[in-house]
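> Let's have the full structure, built from the sequences with the hints guiding it.
One-letter residues, chain by chain:
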Amino acid sequence: MAPESDSSWKRLAAEFAESRLAMLGLMLLTVVVTLALLAPWVSPQNPYDLGQIDIMDSKLAPGEASASGKTYWLGTDDQGRDMVSGIFYGLRISLMVGVTSTIFAVAIGLAMGLAAAYFGGWVDTVIMRIVDIQLSFPAILIALVLLAVLGQGVGKIIFALVTVQWAYYARTVRSSALVERQKEYIEAAKVLALSQPRIVFRHLLPNCLPPLIVVATVQVAHAISLEAALSFLGVGLPITEPSLGLLISNGFQYLLSGKYWISFYPGLALLVTIMAINLVADQLRDILNPRLRK
Amino acid sequence: MLAYTIRRLGQSLFVLAVMSLIVFLGVYAIGDPIELLVNPQADAVERARAATALGLDRPILEQYWTFLQQASRGHLGTSFVYNVPAVQLILEKLPATFELALAAMVIAITFGIPLGLYAGLHPDSLAGRAIMAISIVGFSLPTFWVGLVLIMVFAVQLGILPPNGRGETVSLLGIPVSFLTVDGLKHLALPAFNLALLKLSLLIRLTRASTREAILQDYIKFARAKGLAPRRVIGVHLLKNILIPIVTVIGLELGSVIAFAIITESIFAWPGTGKLLIDSINQLDRPVIVAYLLVIVTIFITINFLVDLLYSVLDPRVRLGGAAAA
Chain D
5 MAPESDSSWK RLAAEFAESR LAMLGLMLLT VVVTLALLAP WVSPQNPYDL GQIDIMDSKL
65 APGEASASGK TYWLGTDDQG RDMVSGIFYG LRISLMVGVT STIFAVAIGL AMGLAAAYFG
125 GWVDTVIMRI VDIQLSFPAI LIALVLLAVL GQGVGKIIFA LVTVQWAYYA RTVRSSALVE
185 RQKEYIEAAK VLALSQPRIV FRHLLPNCLP PLIVVATVQV AHAISLEAAL SFLGVGLPIT
245 EPSLGLLISN GFQYLLSGKY WISFYPGLAL LVTIMAINLV ADQLRDILNP RLRK
Chain U
-4 MLAYTIRRLG QSLFVLAVMS LIVFLGVYAI GDPIELLVNP QADAVERARA ATALGLDRPI
56 LEQYWTFLQQ ASRGHLGTSF VYNVPAVQLI LEKLPATFEL ALAAMVIAIT FGIPLGLYAG
116 LHPDSLAGRA IMAISIVGFS LPTFWVGLVL IMVFAVQLGI LPPNGRGETV SLLGIPVSFL
176 TVDGLKHLAL PAFNLALLKL SLLIRLTRAS TREAILQDYI KFARAKGLAP RRVIGVHLLK
236 NILIPIVTVI GLELGSVIAF AIITESIFAW PGTGKLLIDS INQLDRPVIV AYLLVIVTIF
296 ITINFLVDLL YSVLDPRVRL GGAAAA
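Each protein sequence line maps, in turn, to chains D and U. FYI, the numbering for the first sequence is 5 to 298, going by the numbering used here. FYI, the numbering for the second sequence is -4 to 321, going by the numbering used here.
It is possible that part of the hints are untrue.
As the list claims (entries may be wrong) - To list a few chain D residues with every Cβ distance to chain U over 10 Å, as calculated:
1) L39
2) L209
3) P215
4) T244
5) I252
6) L260
7) D286
Stated by the list, open to error - SDA-like mimics (lysine to any residue), calculated; alpha carbons at most 20 Å apart, straight line:
8) D:K160 - U:V148
9) D:K263 - U:N277
10) D:K263 - U:G154
Everything labelled a hint here was simulated from the structure, so no lab data went into it. Note that the Cβ used here is the ideal one computed from N, Cα and C, for glycine as well.
Structure (structure tokens):
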């Protein structure tokens, strides 16, 4: 059941806090999101303002100070950009792409899944057959094909990520809606002669949300990781929108000469972000799953 | 069973036909390859001559029709860049990709199933928890970043393993393979481990979950009550039952390993099909992209088809008679 009153929210929060690992994840996630949101204000420099970077400072090692006396804690890249600032700005783009694509994919998947479960018949068959076919191919392959066709760009990668993700939500929503549809409260609503939209949106929908929330949390991490992989392969974001994946890709060519920091630290930031989301999602799954209730 | 097999085969062919149309139309909508292939100083006449030679001046439906006719005879066009048949290019690179994918699967299976079994039998022990922690980390780590770290540690810092290439190969039944030479094995080690990590984590989780579920079943209790040795209860009764879902997942994951090899091959400059695909996308070499996708889609559909059949053979509970199997 969807938590509606304050007390059930409090109970969920208390259950969430039972796992120290999950709390650590939530804490890390808060830090990451805050840094991403406040990047323009907390970064030591704006790495994409040519007036603020100095090519003479390029490829400095972490902790090294430049001729002008500035210290770069995580070093600089080939253009002399401060890695700390680059990572903050990169987080911003990575999170934006991951969250935006997930929101769109949830909306589409929710609509498709509810339609499939509520109407049944050929609507169900058509939607679920598309879902089946799509899920039998790995996401990275579909996204790669789409981007090979569409080219680079923020809108395009969001489109590709939405395309590969909606099917998971459609399947999740359909299976929980099918179960909920059989329950007495839906029957009661029908007996009360409530309108179809009202039954679907006020009664069926809220009760299908908990499993969807869990899948969506995990999928944000997947979306971020997938975007990074695609950008690393050079088919994702353009160089004007440097996400973490693009920063890693940029540093890759200097790796063999021992200049590890240009791609290592952005990767570490990516890892912390994904891990934090996964820890939170794991705990959410446990507390929202009625079968695991003590 | 025969009716099911035929219907399932029909479905597979339908998916293949739809995919070929999508792939063709999609890929042929990308920018103009003439721009890349012809000397920038070429005049309009020269461009037109190049377009005619490559068949790019025909209407797109006619191009698709020609493509289908050629495809049915095994020709998927000639690479714009290398000027050799695209299928030949793909087939030349395919053994390298298969070798990498199989090596990764072998690593994942040899370590994943025993570790998952242990964690499932001793969920609260320190080692059991440690195994689960490793699998969570393995899930979270982005493949390409692990690849970078492996290169950083083993190739740059320690200098014990080579960072790229395939190394020395020997011919096995006419196919060049790396795993039979020491140099080849050294080259294979890092990319294979990199590709295996995700599947390793998946197998640990899956085996652990199945074990924990199976251990509570009556047949295990009964086998124990009969006084069978623990080794036999686990090795025969438990393993036999949990292997059904595991074999299915391994089969299905083989396809995804081939797809994920795109990333690993790019990082370790492993000369397989994935690297070829990325190079072709960057060079707008359409015939190679189309050929790669069709070959991969065919491999996928074949794997899914075989796994479905295998599943119904392995597990008599799966009765496929009247059910609309997907």
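> Does each hint fit the structure? Answer for all of them.
Now the hints, each set against the structure:
| no. | hint | result |
| --- | --- | --- |
| 1 | L39 | holds, 19 Å |
| 2 | L209 | holds, 26 Å |
| 3 | P215 | holds, 18 Å |
| 4 | T244 | holds, 18 Å |
| 5 | I252 | violated, 6 Å |
| 6 | L260 | violated, 6 Å |
| 7 | D286 | violated, 8 Å |
| 8 | D:K160 - U:V148 | violated, 35 Å |
| 9 | D:K263 - U:N277 | violated, 26 Å |
| 10 | D:K263 - U:G154 | holds, 15 Å |
The structure fails hints 5, 6, 7, 8 and 9 (numbered hints given earlier, in ascending order).
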